[in-house]
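Listed here are the chains, written in short residue letters.
There are 2 protein chains.
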Amino acid sequence: MPNYEGSLDAVFQALADPTRRDMVERLIRGPLSVSKLAQPLEMSLPAVMQHLQVLEACGLVRSEKVGRVRTCHIEPAGLRTAEGWIGRQRTEWEHRLDRLGEHLSQERGPSGQGSAEQGSTS
Amino acid sequence: MPNYEGSLDAVFQALADPTRRDMVERLIRGPLSVSKLAQPLEMSLPAVMQHLQVLEACGLVRSEKVGRVRTCHIEPAGLRTAEGWIGRQRTEWEHRLDRLGEHLSQERGPSGQGSAEQGSTS
Numbered sequence: 001m002p003n004y005e006g007s008l009d010a011v012f013q014a015l016a017d018p019t020r021r022d023m024v025e026r027l028i029r030g031p032l033s034v035s036k037l038a039q040p041l042e043m044s045l046p047a048v049m050q051h052l053q054v055l056e057a058c059g060l061v062r063s064e065k066v067g068r069v070r071t072c073h074i075e076p077a078g079l080r081t082a083e084g085w086i087g088r089q090r091t092e093w094e095h096r097l098d099r100l101g102e103h104l105s106q107e108r109g110p111s112g113q114g115s116a117e118q119g120s121t122s
Numbered sequence: 001m002p003n004y005e006g007s008l009d010a011v012f013q014a015l016a017d018p019t020r021r022d023m024v025e026r027l028i029r030g031p032l033s034v035s036k037l038a039q040p041l042e043m044s045l046p047a048v049m050q051h052l053q054v055l056e057a058c059g060l061v062r063s064e065k066v067g068r069v070r071t072c073h074i075e076p077a078g079l080r081t082a083e084g085w086i087g088r089q090r091t092e093w094e095h096r097l098d099r100l101g102e103h104l105s106q107e108r109g110p111s112g113q114g115s116a117e118q119g120s121t122s
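Going down the list, the protein sequences come from chains A and B.
Under the UniProt record's numbering, think of the first position of the first sequence as 1, with each following residue one higher.
Under the UniProt record's numbering, think of the first position of the second sequence as 1, with each following residue one higher.
Heads up, some of the hints might be wrong.
Partner residues are not named here, just some residues of chain A that face chain B (Cβ under 10 Å, in silico) [claimed, not checked]:
no., residue
1, Gly30
2, Arg88
3, Glu107
Here are the computed distance ranges between Cβ atoms for each label pair [as the list claims (entries may be wrong)]:
no., chain 1, residue 1, chain 2, residue 2, range
4, B, Glu64, A, Leu41, 40 to 46 Å
5, A, Arg99, B, Arg62, 49 to 55 Å
6, A, Leu41, B, Arg90, 30 to 36 Å
7, A, Leu100, B, Ala57, 39 to 45 Å
These aren't lab readings, by the way, just hints derived from the structure by calculation.
Note that the Cβ used here is the ideal one computed from N, Cα and C, for glycine as well.
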């Protein structure tokens with residue numbers, strides 16, 4: 001298993017391409033053969049295979065060949081890696097807003113008065 | 001404003017680099033001057049500025065110069081773009097699991113009994 005930072009690099013890199021995001025969006029709904037996956041895309045099969053390799057290398061997709069048909073499946077754990085990182089940033093951002101809110105309410109004092117009025121009551 | 005797909009390309013591309021993720025992680029906690037942002041990074045100031053330009057171009061960070069000091073701020077809307085896309089994929093995935101669950105329970109029948117246990121309690 002690659003290290004965490006390397007995984008994030010690879011997953012975000014894979015998602016930075018609209019064709020690969022389109023492939024992920026369709027595979028989320030269910031497994032597809034490579035030819036079905038390629039069908040709506042205006043590109044050569046080798047180009048599709050190259051995108052697929054990027055998605056497989058970062059763990060977003062896996063594929064298996066049965067007979068002559070290669071079928072692609074989504075790997076939700078790959079998306080979770082990216083979602084986890086972004087989610088942690090949102091949590092940190094919300095903490096910062098909370099701290100700012102606490103700071104502002106302390107400045108105002110428990111009675112909710114503005115700092116300009118401080119001292120008039122003490 | 002760039003189009004949605006273009007924004008997603010640029011935001012995921014920006015997040016595919018560990019130095020830029022580190023910059024985002026630190027700016028989430030509060031604004032920093034460029035020199036403070038560069039301090040822990042083992043690279044030249046021009047290299048830092050280049051990463052900063054990528055983050056600004058995709059809307060993850062904005063900066064403003066007052067006197068001789070340029071201060072960088074996080075732009076949470078940029079992260080929300082990426083989080084939104086990933087979140088929609090998770091929702092779609094959960095719907096797929098729900099449909100699968102419904103399909104399996106219909107196969108088992110309304111009493112919820114597994115086919116192997118049928119008849120043991122009735």
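Evaluation of the provided hints:
1. For glycine 30 (chain A), the interface hint holds, since its Cβ comes within 10 Å of a Cβ in chain B; the closest pair sits about 7 Å apart.
2. Below 10 Å, beta-carbon pairs count as interface contacts, and arginine 88 (chain A) has one with chain B at about 8 Å; its hint therefore holds.
3. Using the Cβ-Cβ criterion of 10 Å, the hint placing glutamate 107 (chain A) at the interface with chain B is not satisfied: the shortest such distance is roughly 17 Å.
4. As the Cβ distance of glutamate 64 (chain B) to leucine 41 (chain A) is approximately 42 Å, the hint placing it in 40 to 46 Å holds.
5. Our hint of 49 to 55 Å for arginine 99 (chain A) and arginine 62 (chain B) is violated, since their Cβ atoms are close to 21 Å apart.
6. Range check, leucine 41 (chain A) to arginine 90 (chain B): about 24 Å between beta-carbon atoms, so the 30 to 36 Å window is missed.
7. Restraint check, leucine 100 (chain A) to alanine 57 (chain B): a C-beta distance of roughly 27 Å breaks the suggested window 39 to 45 Å.
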